Amino acid sequence: MAPRFVAVAEVADGALTRLSTEVATLARTLAEASGGTAVGLVVDADPAPAAAELAGFMAQVIAVSAPATANEAWAPHAAAEVGRLIDDGATHVLAGASTDGRDLAGMVVGRWTWGLLANATAVTWGGDGLVAEATVLGGKAITRSAFTGAAGVVTVRPNATTAEPAAAAGSVEPRAAAAGAGASSVAVLDRVAEAGAEASLEEARIVVVGGRGVGSPEGFAVVTELASLLGGVVGATRASVDAGWIPYARQIGQTGKVVKPSLYLGLGVSGAMQHRVGMQSAEAIVIVNRDPDAPIAEIADLFVVGDLFEVGPALVAELRSRRGS
Amino acid sequence: MQILVLTKPVPDPAAGAERLSGPDFRLDRSASPTVVNGNDEYALEAALQLVEAHGGEVAILVMAPANATETMRKALAMGAQRGVLVTDPALAGADLPATVRVLAAAAAAETFDLLLTGLDTSDGTGGAVAAGIAARLGLPLLSAAAHIEPDPAAGRVRVKRLSAKGYDLIEAPMPAVISCTQALGAPRYPSLKGIMAARQREIAVRSLADLGNPDDGPLLPDGGWATRVVAADPPPARDTGRVVKAPAADAAREIADFLADRRLI
Ligand SMILES: Cc1cc2nc3c(=O)[nH]c(=O)nc-3n(C[C@H](O)[C@H](O)[C@H](O)COP(=O)(O)OP(=O)(O)OC[C@H]3O[C@@H](n4cnc5c(N)ncnc54)[C@H](O)[C@@H]3O)c2cc1C
Ligand SMILES: Nc1ncnc2c1ncn2[C@@H]1O[C@H](COP(=O)(O)O)[C@@H](O)[C@H]1O
Numbered sequence: 013m014a015p016r017f018v019a020v021a022e023v024a025d026g027a028l029t030r031l032s033t034e035v036a037t038l039a040r041t042l043a044e045a046s047g048g049t050a051v052g053l054v055v056d057a058d059p060a061p062a063a064a065e066l067a068g069f070m071a072q073v074i075a076v077s078a079p080a081t082a083n084e085a086w087a088p089h090a091a092a093e094v095g096r097l098i099d100d101g102a103t104h105v106l107a108g109a110s111t112d113g114r115d116l117a118g119m120v121v122g123r124w125t126w127g128l129l130a131n132a133t134a135v136t137w138g139g140d141g142l143v144a145e146a147t148v149l150g151g152k153a154i155t156r157s158a159f160t161g162a163a164g165v166v167t168v169r170p171n172a173t174t175a176e177p178a179a180a181a182g183s184v185e186p187r188a189a190a191a192g193a194g195a196s197s198v199a200v201l202d203r204v205a206e207a208g209a210e211a212s213l214e215e216a217r218i219v220v221v222g223g224r225g226v227g228s229p230e231g232f233a234v235v236t237e238l239a240s241l242l243g244g245v246v247g248a249t250r251a252s253v254d255a256g257w258i259p260y261a262r263q264i265g266q267t268g269k270v271v272k273p274s275l276y277l278g279l280g281v282s283g284a285m286q287h288r289v290g291m292q293s294a295e296a297i298v299i300v301n302r303d304p305d306a307p308i309a310e311i312a313d314l315f316v317v318g319d320l321f322e323v324g325p326a327l328v329a330e331l332r333s334r335r336g337s
Numbered sequence: 007m008q009i010l011v012l013t014k015p016v017p018d019p020a021a022g023a024e025r026l027s028g029p030d031f032r033l034d035r036s037a038s039p040t041v042v043n044g045n046d047e048y049a050l051e052a053a054l055q056l057v058e059a060h061g062g063e064v065a066i067l068v069m070a071p072a073n074a075t076e077t078m079r080k081a082l083a084m085g086a087q088r089g090v091l092v093t094d095p096a097l098a099g100a101d102l103p104a105t106v107r108v109l110a111a112a113a114a115a116e117t118f119d120l121l122l123t124g125l126d127t128s129d130g131t132g133g134a135v136a137a138g139i140a141a142r143l144g145l146p147l148l149s150a151a152a153h154i155e156p157d158p159a160a161g162r163v164r165v166k167r168l169s170a171k172g173y174d175l176i177e178a179p180m181p182a183v184i185s186c187t188q189a190l191g192a193p194r195y196p197s198l199k200g201i202m203a204a205r206q207r208e209i210a211v212r213s214l215a216d217l218g219n220p221d222d223g224p225l226l227p228d229g230g231w232a233t234r235v236v237a238a239d240p241p242p243a244r245d246t247g248r249v250v251k252a253p254a255a256d257a258a259r260e261i262a263d264f265l266a267d268r269r270l271i
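Residue numbers (the numbering used here), protein chains in the order written: chain A, 13 to 337; chain B, 7 to 271.
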């Protein structure tokens, strides 16, 4: 039986998330490599705009209109729709390794007893089956794993692939939500936006991180300024989160976000193992720290020994003068 | 309130001694000291505070090798009243669907208003266990909790769920499954009194046979685990970096050159 891949998309503010375009690209590539087929799934109160976007990446898209998701948790509804596709012969379910994506993946595993390959940093079709790469044990090993049977669920990390539109746009099939789907629903009473939590850390190409060395909420100003000059996103260590200088949503590491940016610029960060777990696969790592023996020196491509309150502003000035403003 | 907390023993990430070994690249659990998974400590702390406020009992549930009782004592020393350890040689190397089925069956044998888990594990399957258990038991899932507020009289629970932009305020009837984050607050250290008390507390040890067979088939698959590791390699070595020690303006120029070389500015 030829494999059939489902790319489960997520919608934020009416649009497809960037991670979803990457998941869709992977599903399409896997279908091509395996001689199988791929279908995109959007489950939302107003799925049409995101579904149209998704059709730029996949030949077939199913847009499920699920009004209940406006004020109920999304994952049970999405899992019910994935279930319909499984009944129709889907063999592999790909979702983003986001909070919603993980909830959905867990529900599919719980209901259908499928295996899960979690937090994939690359997904390929290797001869007779899907192979997912993941960084495990705090970055000590990179594993390649497979399903032993013909079906399974994969959660995909941001930047596992580069999103690429398909040669031709696909078709969108509108559907009504399955009756009684998501029965044990959780009510969403309110969605609250918090300052400093907007930009997606995991999807960012450039991340500028302030550690304990920034010393105060005001100390973060230079971090924030560098992030905005570089078109990057601000991140933090647990030390600066615990100090209350910045929201937990910004934390990188074992109990925070895992990032894989093109550039990690860290100011006043020591590089504890629990932090490194979340950032060591950055393509380039630049550090400003006054302690030349800080453990992060082991993985830095460029390590500037110096005071962040001197080097930081100097870098702001240098970047400004290079762009001529 | 009865609260059941899932506290997985994991190799201590701080010891940095974890390794994968053998032909099937299993985690060698003897290679490093074992601690309670970091996120599970936040779950346990939240549970202890909830029973302090509302009354009731906290129990912990673990699926692990038989020697896990040692790590479980630490959770009991923090204040959990009793523990349940599901251990069976057949569970060595268990995959996610099996873990979910076993933990769900063990949880179903307990009475609880809330089942708390960590958001994910440092050695684990990527934060899917809570959702898997919720789906199997037909319970509501409230994930990524930053704050938990039960209303025992109304039989409902409210959770602040971390979102990409801030948080969602969500609510569901109890019993419910909640996965917990660091945003709930730092775990307490066990007191000396707690450590002494923990020695007397009961840890019920269950085998697979004790859990029985659910209606929809055996707990473990008959054809082996659903996933397997086919290769494990150390991460590619990074080139040794350059160290710059120079006046701030020169250092800034070096950084800008570095960024320009890589087309990052
Ligand atoms: C279970 C568990 C989970 C954890 N999870 C995480 C996690 O997810 N993420 C995380 O980050 N941490 C985590 N930690 C904490 C981690 O162990 C470290 O404590 C933390 O990462 C340290 O943060 P830091 O580098 O900002 O602070 P520090 O280690 O205090 O380092 C500050 C650095 O700043 C430098 N500095 C100070 N002033 C200046 C200045 N003016 N100019 C230049 N440099 C300066 C110092 O030389 C020092 O190297 C966890 C810990 C545990 C136990
Ligand atoms: N073997 C286990 N025993 C007890 N709890 C577990 C076990 N595996 C996972 N959990 C719980 O499920 C959460 C998520 O785990 P995971 O999906 O493996 O990342 C953990 O934080 C624990 O609370």
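One or more of the hints may lead you astray.
Which bits of chain B does chain A cover? Going by a derived footprint, with three or more residues having C-beta under 8 Å, they are [said to hold, decoys possible]:
| hint | region |
| --- | --- |
| 1 | 59-72 |
| 2 | 75-84 |
| 3 | 87-95 |
| 4 | 162-171 |
| 5 | 187-200 |
| 6 | 235-243 |
| 7 | 262-269 |
Just a sample of chain B residues kept apart from chain A, beta carbon distances all over 10 Å, derived [unchecked claim]:
| hint | residue |
| --- | --- |
| 8 | Met7 |
| 9 | Leu102 |
| 10 | Ser128 |
| 11 | Val135 |
| 12 | Ser149 |
| 13 | Pro158 |
| 14 | Asp174 |
| 15 | Ile176 |
| 16 | Glu177 |
| 17 | Arg205 |
| 18 | Glu208 |
| 19 | Arg212 |
| 20 | Asp216 |
| 21 | Gly218 |
Simulated from the structure, these hints should not be mistaken for lab results.
Every value quoted in this text rests on a predicted model; they were computed, and no experiment measured them.
Each residue gets a CB set at the ideal place from its N, CA and C atoms; glycine is no exception.
Hint by hint, here is what the structure shows:
With 0 residues bearing a CB less than 8 Å from a CB of chain A, the region 59-72 of chain B misses the requirement of three and the coverage assertion fails. Check on the region 75-84 of chain B: 0 of its residues sit with their Cβ under 8 Å from a Cβ of chain A, so the three-residue criterion for coverage is violated. Counting residues of the region 87-95 of chain B whose C-beta lies closer than 8 Å to any C-beta of chain A gives 0; at least three are required, and the coverage claim is violated. Against chain A, the region 162-171 of chain B contributes 6 residues with a C-beta closer than 8 Å to a partner C-beta. That satisfies the three-residue criterion, and the hint holds.
A count of 4 residues in the region 187-200 of chain B with a Cβ less than 8 Å from any Cβ of chain A is obtained; the coverage claim is therefore met, three being the minimum. Residues of the region 235-243 of chain B with a Cβ under 8 Å from some Cβ of chain A number 7, which satisfies the need for three, so the listed coverage holds. Restraint check on the region 262-269 of chain B versus chain A: 5 residues with Cβ-Cβ distances below 8 Å, three needed, restraint holds. Against chain A, the non-interface label of Met7 of chain B holds: every CB pair exceeds 10 Å, the least being about 19 Å.
With a least CB separation of 5 Å from chain A, Leu102 of chain B falls inside the 10 Å interface cut-off, contrary to its annotation. Some Cβ of chain A comes within 10 Å of the Cβ of Ser128 of chain B; the nearest lies about 6 Å off, and the non-interface call is violated. Distance check on Val135 of chain B: its Cβ comes as close as 7 Å (rounded) to a Cβ of chain A, failing to clear the 10 Å threshold; non-interface status is violated. In this structure Ser149 of chain B is not separated from chain A by more than 10 Å, as the shortest Cβ-Cβ distance comes to only about 5 Å.
In this structure Pro158 of chain B is separated from chain A by more than 10 Å, as the shortest Cβ-Cβ distance comes to about 18 Å. Distance check on Asp174 of chain B: its Cβ comes as close as 5 Å (rounded) to a Cβ of chain A, failing to clear the 10 Å threshold; non-interface status is violated. Its beta-carbon lying about 5 Å from the closest one in chain A, Ile176 of chain B breaks the requirement of being farther than 10 Å from that chain. The Cβ of Glu177 of chain B sits about 5 Å from the closest Cβ of chain A, inside the 10 Å cut-off, so the non-interface label is violated.
The claim that Arg205 of chain B is not at the interface with chain A holds, since no C-beta of that chain comes within 10 Å of its own (minimum 29 Å). With 10 Å as the threshold on Cβ separation, the claim that Glu208 of chain B sits away from chain A holds: the shortest Cβ distance comes to roughly 29 Å. No beta-carbon of chain A comes within 10 Å of the beta-carbon of Arg212 of chain B; the shortest separation is about 20 Å. Consistency note on Asp216 of chain B: stated as away from chain A, and its beta-carbon is indeed over 10 Å from all of that chain's, at 21 Å minimum.
Every beta carbon of chain A lies more than 10 Å from that of Gly218 of chain B, the smallest distance being close to 17 Å; the non-interface claim holds.
Violation of the numbered hints given earlier is confined to hints 1, 2, 3, 9, 10, 11, 12, 14, 15, 16; the remaining hints are satisfied by the structure.
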